[in-house]
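Each chain, written out:
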Amino acid sequence: MSVAMQTATAPALEVRNLTTTFETSSGHVIAVNNVGFNVMPGEVMGLVGESGSGKSVTLRSIMRLIHAPGKVSGSVRWQGDDLLAMPERQLRKVRGGEIAMIFQEPMTALNPVLPIGIQIEENLAAHTALDRRQRAARALELMDMVGIPEAARRLKSYPHQFSGGMRQRAMIAIALASNPKLLLADEPTTALDVTIQDQILKLILDLRDRLSMGVVLVTHDLGVVAATCDRMAVMYAGRIVETGRVADVFAQPHHAYTRGLLGSVPRSGAQRTMLLSIEGTPPSLSAIPKGCAFSPRCSFATDACREAAPALEPIAPDRLVACFHHQQVAASGVSA
Amino acid sequence: MMNTMASQVLISAEEVFKEFPLPQNALRRLAGKPLLAVHALNGVSFQLNRGETLGIVGESGCGKSTLARCLVRLLDCDEGRVRFEGQDIADLHGAARRGFNRRVQMIFQDPYSSLNPRMRVREILGEALSVHKMRPRAEIPARIAELLDLVRLPSDAADRFPHEFSGGQRQRIGIARALAVEPDVLVADELVSALDVSVQAQVVNLLLQLQEQLRLTVVFVAHDLRLVRHISHRVAVMYLGKIVEIGPTEELFSAPRHPYTKALLDAAPELDPARRTRVVAARGELPSPINPPAGCLFNTRCPHAFERCFAERPLLTDRGPTHQAACHLHEFGLAAIPQIQDVEFAP
Amino acid sequence: MTIALETTATPKRRWRIAKLPGTLVLGGVILPASLVIAFFPNLFAPYDPTVFDYNALLAPPSAAHLMGTDSFGRDVLSRVLYAYTIDLQIAVFATLGPFILGTILGALVGYAGGFAEALLGRVVDAIITFPFLVLVIAIVAVLGPGLMNMYIAVGVVGWVFYARLVAAEVKVQKRLDYADAGRAMGYTHFRIIFRHLLPNSITPAIVYLMTDMALAILLGSSLGYLGLGAQPPAAEWGVQIADGKNYMTTAWWISVFPGIAIVVTGLGFSLLGDGLAELLRTKK
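Protein chains in written order, with our numbering: chain R, 1 to 336; chain B, 1001 to 1347; chain X, 2001 to 2284.
Hints are not guaranteed to be accurate.
[Claimed, not checked] The calculated EDC-like cross-link candidates involving lysine to aspartate or glutamate, where the alpha carbons are at most 20 angstroms apart (straight line), are:
| # | chain 1 | residue 1 | chain 2 | residue 2 |
| --- | --- | --- | --- | --- |
| 1 | X | LYS2171 | B | ASP1110 |
| 2 | R | LYS181 | R | ASP221 |
| 3 | R | LYS202 | B | ASP1272 |
[Said to hold, decoys possible] Covered by chain B, per the in silico footprint, the following chain R stretches (three or more residues, Cβ under 8 angstroms):
| # | region |
| --- | --- |
| 4 | 177-186 |
| 5 | 192-199 |
| 6 | 252-265 |
| 7 | 274-284 |
[Stated by the list, open to error] One side only, chain B facing chain X, incomplete, derived with CB under 7 angstroms:
| # | residue |
| --- | --- |
| 8 | LEU1075 |
| 9 | ARG1098 |
| 10 | ASN1116 |
| 11 | ALA1128 |
| 12 | MET1134 |
Please keep in mind that the hints were generated in silico from the structure rather than gathered at the bench. This structure is a prediction, so every number in the text was calculated from the model and none was measured. By construction, the Cβ of each residue, glycine as well, lies at the ideal position given by its N, Cα and C atoms.
The task is simple: from the sequences and hints, build the whole structure.
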C-alpha cells in the first residue's frame, strides 16, 4: 500500500445526500438513497454491493449519466464545484476530462466501427490542445502505458479484434487520454478471467500512482476490494450501510450485512464447513422493506430495526455504520 | 475425509479429446489446409471416486464446461472414453443409457434458461419422476413436496412458474429436479456463478448438506478458486483443454506444483487486505484454442519455460501419492511447501 | 427450516382489459361476431340467399333490401351474411392444415438441424420463388376448381412458412439449457421436442396463423372471383364480386358490400394477430 492519505488534504470528490429516483410503471423507485462519501486525491475508494444495491447508479449519478425519467438530487462537489448544478457546457469539460469513466463491458462501451486509435484521438481532441501529430504520438504512448503489445499496429485495430482484457486496457487508454484526476470504474474486471482481472487491477493501481488520480471502484467482489482499495463503502438497497478503511472493515465488520457478505466468501482453513450465509435475497428496489432494509434477512434485527432505518453514524475515526446493533455485530466476528 | 470411504472409482475419463469444427472457408478447403476447429479437450484423464467432490477449475475457454458435458454424455467425445462403473458410456443404449442418465445428473449454470419457462415447478419435477418411474403415480405429489423441502423451498412453490422465482431459488429447483431421480453423481457446472454473493453461500451450504445426507458424488466445475477450494476434496486445474495439475485440495492450494496453478492462485485476489501484492501473477493472455501452442500449452505465458517446454508436451506425472502435475520442472513448487505451510497453519 | 418466498418473485399476472393492446381488443370483437354470423346466418339474414326474386332485379339499397339485390333478385345482405359460413371456413381450413403440418415438420427439422435443415431451406427457397397466388392457381388448374382442391393447393404451399418460422425458433430454443437438461435427464427426443421446445417456439407461428387467415380469405375470394374456388350458386364474397362486376356502374352494391365484408373480416384477423404479437412480446 503506497497511497498517501493525509487527513489534512481536502477531498477531491465530495458526495453529499445523493439521491436518485426513477418513476416506473411499478411506482416510485429510490435507487440511491441519501448517499454520501469522500474520495481523497490518489485514493482508491471501493463501492461494494450486490445486484440492485445502487452502486452502479451512484457512479452514473455522479457523472450525471442518469436519463429521464430518473431524477438526481443532492450535491457532488468536485474541486469546489457542484457537478449536479453545473451548466452542461462546463460539465462536458469535466466529464471525460478531469473525471473519466470505464465500464464493465468494454465491447458495448467502445464504438465498434472505429479503430481504437481514432477513439483515443477523439478524446484527446476534445480535452487537450494537442495538434494532430501530437495526438497520434500521445495515443501511441497511452497504448504503451496500459500495456497493449505492438501498440503501433494495434492503434489501427477495431474493438472486436481485441480480447476482453485488451479491450478493457484500450478503454482505460481512452479514459486516460485527458489526464483525469478521478477515474470512475464500474465493475471493470467482472467480465474478465482471474489472471486478466489481476493484470487490469494492478494496471489501475500503477496508473493511480503514476498519475496520482483518485479512483472509485464499483464491484461486487470483496476480493477485489481487499486487493485494491484503500477505503470502502458497502451499499445495500440504495443506501451506504458501512464505510471505513478496508483493513478495518475486513478485520471487524460493524454492520450485519457486511459481516454476512464477508462470511459468504469461503476462506482457507475451513473447507467443507457451512458458510455464514445470509438468508433470503436482496430486495427489489420497488419493494424495499420498512425500517432498516436489511432487517428481514438480519439475525440481529429487533423491533426497532423494523420501525426506523438507522442513520449512518461515525463510530470511530474514518468509520461510519448504519446499524442499531453494531456493537453486537462487531463482537460476533466473521465465522459461522 | 476420503480415508473413511473405500476409494472406489465411479467415473473415469481416459484421454478424452473433443473439438468443435468452425465454419470452413472454401479457399482453405481447396488449398487442402487442415480444417479449423476449436480444440476444447486435448486428452483429459482423471478418476472420480465414489463419495468425493472433485473440483474442476480453469479460466474461460479451458474446456471445463465441455468436460462436464462429456461426463453426462450431452456431448460425445471424439477420442478417448468416459467410463461409468467401468462401462464405456458411449456403448450404452436404450434402457442402459436412460439408467446412466438417471444416475449421473447435471445442474446448469444459468438459472434463467435451465428451466422450461412454460412448465410449473410441479410439472418439471413430476416429469422427471414419472419418466424414470421413480414413484407410482399416486405418490408423486407427496414426493414433490419432499423434494421441495429437501432444497428448502416452501411447498406452495410447486404451483408457480420459474419466472416467479429469484436466481437462487431457481438453482434450488434445478437441484431438486436432479435429485428427483435419485442420482449417484451430480455434475454442477458453475452452479452459483450467476448468483449474488450472499445467495451463493446459501446454495453452497445446501449442496454440502445434500451431499452428506444423500452420499452424492459431486463434480464441481467453477472458475471461482475460493469456492472450489471450499467444496472439493480434490481439485483438477485445466488449461487449454488439458488437466495441468490434479491433487488433494489443500496440497494443491498450499503448494501448487504447476506454474499455471501458481499463477491462478496468485491472481485470485486475497480476502486479507494485509496480504496484497503489486506483482502481476501471470503475464500475457490465453492463446487461441483454435491453434494451441506446440509443446507445453502454457509455454507462451510461463516465466519458467525452457527449450524442452516448446518441443515436448509434458505428461501428468506423480508429485505425490495422489497428486499429479504436467510440467517438465518436476521440482517446481517443491521448495515452497514448508514455507507456505507455515503461513497456512500458523495459529 | 424453509425460507419464505421473497418479494422479488413477481406477483401473479392478472389480465386487465385496459392493459391489453387496442388492436387485440378490436380484433377480439370483430372475430367472435363474424363467427356467430358464420354459424347462424339464418338468424340474421332476412331472406334465403339463393332464392330468385324476379320482381326485384338489381334493386338499389332500400328498407326492404338494405344492401339491394343482384341481377337474379337475390338479397345482397343475406348473401353477404351466408357467405361468412364459407369464407370463414376457408380461413380455417386453408390455414389449419398447413399450420399443423408445418409446425410439426418445422419442430422436427429445427431440432435435427444438419441435412434436414438444409433440405427444408431449399424447399422453402423453391416455393417462395413463385408468387403464392400464381402457384395456387396453377395447382387448382391442374386439380380442377372447387373448395376441396383449393385447400389441397394451399396446403401444399402454405406449410413451408410455418415450418420455417417454427424451425428457426426451435433452433434457438434447443440451445438453451432446459433442452440440454431434458437430454441429461434421459428424456426422449419426442418428449423434448413436443413437450419442451414446441410450447416455447410456437408463438410466432400462432401470430402468423392469424395473418394467414386474413390472407386465406382474400385468396378464397380471389379464387372465387376467378371461378376456381367456391362455385356460383353458393354465396361467397369473391363469387358475389364477380357476379357484380358487369354491373359496377349501374348496380355498385352487388360488389361493394361483399368487398367491405372481406376488408372488415380480414382486418379482424390482422388486428388479432398484431395484438397477439404485441401482447406476447411485452410478456417477455
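Report task. Please flag the earlier hints that this structure goes against, numbers listed from lowest up. Result -> 2, 4, 8, 12
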